[in-house]
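Listed here are the chains, written in short residue letters.
Protein chains: 2
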Amino acid sequence: MAIKHSEPLSMNDSNIDVLPPPTGYSKRPRVMRFYNTPRIIGRMSVVGEKESKGPVGKYFHKCETDDKMGEKTFERAEIRMFDTAVRGAVRDARLNIEDVDLMISGDLLNQMTTSSYAARDIGVPHIGIYGACSTMTEGLMMSAAFVDAGYFTNIVCAASSHFATAERQFRYPLEYGCQRPPYAQWTVTGAAASVVGKNCKQTERFPKIVMAIPGLITDYGVNDLNNMGAAMAPAAMDTMFTLLTQSGFNVDDFDMIVTGDLGKLGSDILRDLMRERGIKLGQNYIDCGNIIYDVEQKCYQGGSGCACSATIFNSFIMDKLMSGEFKRIAYLATGALMSTQSCYQGETIPGISHAVVVESPYCGED
Amino acid sequence: MAIKHSEPLSMNDSNIDVLPPPTGYSKRPRVMRFYNTPRIIGRMSVVGEKESKGPVGKYFHKCETDDKMGEKTFERAEIRMFDTAVRGAVRDARLNIEDVDLMISGDLLNQMTTSSYAARDIGVPHIGIYGACSTMTEGLMMSAAFVDAGYFTNIVCAASSHFATAERQFRYPLEYGCQRPPYAQWTVTGAAASVVGKNCKQTERFPKIVMAIPGLITDYGVNDLNNMGAAMAPAAMDTMFTLLTQSGFNVDDFDMIVTGDLGKLGSDILRDLMRERGIKLGQNYIDCGNIIYDVEQKCYQGGSGCACSATIFNSFIMDKLMSGEFKRIAYLATGALMSTQSCYQGETIPGISHAVVVESPYCGED
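From first to last, the protein sequence lines are chains A and B. Everything in the first sequence is counted per the working numbering, starting at 1 for the first residue and increasing by one. Everything in the second sequence is counted per the working numbering, starting at 1 for the first residue and increasing by one.
These are calculated hints, taken from the structure and not from any lab test. A portion of the hints provided could be inaccurate.
What the hints assert, rightly or not - Under the rule of at most 20 Å between Cα atoms (straight-line distance), these lysine to any residue pairs were calculated in the SDA-like manner:
hint: 1; chain 1: A; residue 1: K68; chain 2: B; residue 2: R94
hint: 2; chain 1: B; residue 1: K27; chain 2: A; residue 2: V31
hint: 3; chain 1: B; residue 1: K198; chain 2: A; residue 2: Q341
hint: 4; chain 1: B; residue 1: K72; chain 2: A; residue 2: Q341
hint: 5; chain 1: B; residue 1: K198; chain 2: A; residue 2: D99
hint: 6; chain 1: B; residue 1: K62; chain 2: B; residue 2: K27
What the hints assert, rightly or not - Quick list of simulated restraints, FRET-style, between CB atoms:
hint: 7; chain 1: B; residue 1: T245; chain 2: A; residue 2: C200; range: 21 to 29 Å
hint: 8; chain 1: A; residue 1: P29; chain 2: B; residue 2: N250; range: 28 to 36 Å
hint: 9; chain 1: A; residue 1: P182; chain 2: B; residue 2: L174; range: 51 to 59 Å
For glycine and all other residues, C-beta sits at the position ideal for the given N, C-alpha and C.
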């Protein structure tokens, strides 16, 4: 089944027949509501040089100018970035590592070695999650749930990706110098972490996670390893549709709706898919993959990788939430769940998108 | 740092100096207690032919005699087994797929394609987890927490592994006919699923998950891809030590303490590591890897893989809990968190072990 994407950008709104809800959409409620106000009390984002020169570069907390960061392998470099982000987020929350009850994290590498090796060295109990590039919202969702339910007080969640490790694993060794198709995206080199802590006097000035939606795996038949945006857009649509029909919020209730790393092409597809269902995304919709690089940086459709939305959320978005410029945002990271093996065997690429809704501490004050 | 394993099997108990708690052991509480009594209301285990001929073979629900199950690839066969187990567990809980709120699952393959592709076809919202062979307890822990906290009513959690897909990915293609060292284990071909549902009149005859402990990643320096048991035993020790010092239960409070897939060698190491810390595991300790195959089946140290303990828990152990023969058990699945890439790059193998404590509905009745 191919994506329905017939001339949607020039489509005249008044002519649209609103399509039924997405295939597989279920009316069964799947919004998790957090009544005990878990809060994001610390965060850090680390990126590579290319990312630091992009449009949102000034918001990131640390830039690593050497892709290997003095390590022997790119994989070790990714572990190092991951470690820096986690320890930085914990410090930002004015905690020591010993005060952290649990770490929930993942990455893109086979068997998630970045996250596991970093967790081994950090020495905090660990839950490994896999959601490809949707890892950050999966981690925030689970951390918020565990803190909200009272199982733990402080949980750090994190995600990372690295251009060189991801290219080697998913596409070709860098040394081949392969030409990239115009619809390709560029894997972000970076790592980011958030500390989710329970609501109390000390934490009341921090943004709160008010709800989350676990994603439904959605597959519209894309099988091109380079075209991740098109593969993930239907999953983002499914979760966004659920959010806007089950949460009680409309598009206008959000100062910003942020998707993970659909890129230019993928986010255009998402706008169309939503419009076909009667929901118009306006100026308050952005895609992290679309904004992380400048057109002149030649990354074609934009950024991808776990770190893409994770670093932007933990810097730019969180800054605006802390200051009250954004009162409420929805963050839908998106992941493509294939492996090279599954693609070689002729499988298509399923996508997933988990969502969290985060409110500024100043939300509801005016 | 090498494992301390000097002649422990013949060690005279009276001569032991009790060692301090394991390295990295933290006194910070990490037992999650479930006061709202989430229950395991449905389950299914599917295995391959070899497993069905082992000592616990008669307990499994379904045996697939063809390793490819009529599919084109071993990977598709694993997806099919996974699907059978999930749908079977949901049926066993007298539910329809539409009644299931969430699926939490994982497997061993790169980017967890088995679990993602199966979830795509099943069409239930999905959270992907990665804990290598500890996936089943990770899934039970999260499902129990989400049901206990009231976010969802019915969650299915599942795990799978397949000898042929795992060998190809982690070791050598089967066609090579490689000789296996005597300390190797055999990856179990199988899949298993449990449905965790909330406590109510209809579910009160089912076993309840009363607590869980997320694992700490532990690494004693083993770097041999064939010697998983030795790599995982220290992680099992850490979690078991935490269980026995923080839960309020002693070894004797459990009718059975079950570890995942340490195998013969690994479970001997665990007994020694525990004994060195003053805790003696007796007749009520078993390891699933150790009991799944018969010595005559030439699997050396026994079984491994996510499915090893997942299938035994969902058949043999759950049967005994349902009947009341076991009143309370602790189930500690164990995972080794390396990838082939990390091993080629000279990394050692970190292990993890998540624990759940499950009680029979008849627990506390006598």
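Hint by hint, here is what the structure shows:
1. A:K68 with B:R94: Violated. K68 (chain A) to R94 (chain B) sits at ~54 Å, over the 20 Å cutoff.
2. B:K27 with A:V31: 35 Å, violated
3. B:K198 with A:Q341: Answer violated: K198 (chain B) to Q341 (chain A) is near 38 Å, above 20 Å.
4. B:K72 with A:Q341: Satisfied, since the Cα-Cα distance of roughly 14 Å is no more than 20 Å.
5. B:K198 with A:D99: 32 Å, violated
6. B:K62 with B:K27: Outside the cut-off at roughly 43 Å; violated.
7. B:T245 with A:C200: 21 to 29 Å: 28 Å Cβ-Cβ, so the 21 to 29 Å window holds.
8. A:P29 with B:N250: 28 to 36 Å: 42 Å, violated
9. A:P182 with B:L174: 51 to 59 Å: About 40 Å separates the Cβ atoms of P182 (chain A) and L174 (chain B), which means 51 to 59 Å is violated.
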